[in-house]
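Please build the complex by placing chain C on the supplied structure of chain H, with the hints as guidance.
As they're listed, the protein sequences go chains H and C.
Last residue of the first sequence: number 855 in our numbering, and the count goes up by one each step with no gaps.
Last residue of the second sequence: number 855 in our numbering, and the count goes up by one each step with no gaps.
No wet-lab data here; the hints were simulated from the structure.
Hints should not be assumed to be uniformly reliable.
Mimicking DMTMM-like on lysine to aspartate or glutamate, the simulated pairs with C-alpha atoms at most 20 Å apart in a straight line are [unchecked claim]:
#  : chain 1 : residue 1 : chain 2 : residue 2
1  : H       : 799       : C       : 803
2  : H       : 797       : C       : 803
3  : C       : 799       : H       : 802
4  : C       : 797       : C       : 854
5  : C       : 797       : H       : 802
6  : H       : 799       : C       : 774
7  : H       : 797       : C       : 828
8  : C       : 799       : H       : 774
9  : C       : 827       : H       : 774
10 : C       : 797       : H       : 828
11 : H       : 797       : C       : 854
12 : C       : 797       : H       : 803
13 : C       : 799       : H       : 803
14 : C       : 799       : H       : 854
15 : C       : 797       : H       : 774
16 : H       : 799       : C       : 802
17 : H       : 797       : C       : 774
18 : H       : 797       : H       : 854
19 : C       : 799       : C       : 854
20 : H       : 827       : C       : 802
21 : H       : 827       : C       : 774
None of the values given here were measured: they were computed from a predicted structure.
Protein chains: 2
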Amino acid sequence: MGWTEILGLAAGAFTTAAVVPQIWKAWKTKEVEDVSPGMFFVLITGLGLWIVYGVIQKDIPIMATNGLAFLLNSFMIFLIFRYREK
Amino acid sequence: MGWTEILGLAAGAFTTAAVVPQIWKAWKTKEVEDVSPGMFFVLITGLGLWIVYGVIQKDIPIMATNGLAFLLNSFMIFLIFRYREK
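Extracted from the complex, chain H is given alone in its bound form:
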């Protein structure tokens, strides 16, 4: 594996993991009022399209990183609806 591939994997790891601190914060505080549900709906729409793109291109890293990001961000949407004030 070359340096460029390692760089791409590191980039993917960071953009995929980004939602984890937000999940952690929502989980701890149970407060999500200022978080935009729209952000996460647009995001999982895009991630879903990336998964389809990865399947068509038979590109495992694109499928894997976007698949994981899709699951993590879907869980954040679940937390938003669980904790939002009625």
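This is chain C only, laid out in the frame that chain H set:
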């Protein structure tokens, strides 16, 4: 341009634009208490790595979409620090 390329561009457009509803919400409400700054710092780190990856690969779409996402998410970080409670 083939359908696969159009799909990739659509996917990139959605994941790049995702932060816009969050920027809009923060701008309107001036409330960012429940938003995780960590999420946006991890995200722009990853986006910065994607930009370097795009430069090395001479891949204009990767540079352009991640460059735009980097600017939008940096602006969101600015809003978080502007509006957070002291």
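Cross-check of the supplied hints:
no., hint, result
1, 799/H to 803/C, "holds (9 Å)"
2, 797/H to 803/C, "holds (11 Å)"
3, 799/C to 802/H, "holds (12 Å)"
4, 797/C to 854/C, "holds (16 Å)"
5, 797/C to 802/H, "holds (13 Å)"
6, 799/H to 774/C, "violated (40 Å)"
7, 797/H to 828/C, "violated (40 Å)"
8, 799/C to 774/H, "violated (40 Å)"
9, 827/C to 774/H, "holds (14 Å)"
10, 797/C to 828/H, "violated (40 Å)"
11, 797/H to 854/C, "holds (18 Å)"
12, 797/C to 803/H, "holds (11 Å)"
13, 799/C to 803/H, "holds (9 Å)"
14, 799/C to 854/H, "holds (18 Å)"
15, 797/C to 774/H, "violated (41 Å)"
16, 799/H to 802/C, "holds (12 Å)"
17, 797/H to 774/C, "violated (41 Å)"
18, 797/H to 854/H, "holds (16 Å)"
19, 799/C to 854/C, "holds (10 Å)"
20, 827/H to 802/C, "violated (41 Å)"
21, 827/H to 774/C, "holds (14 Å)"
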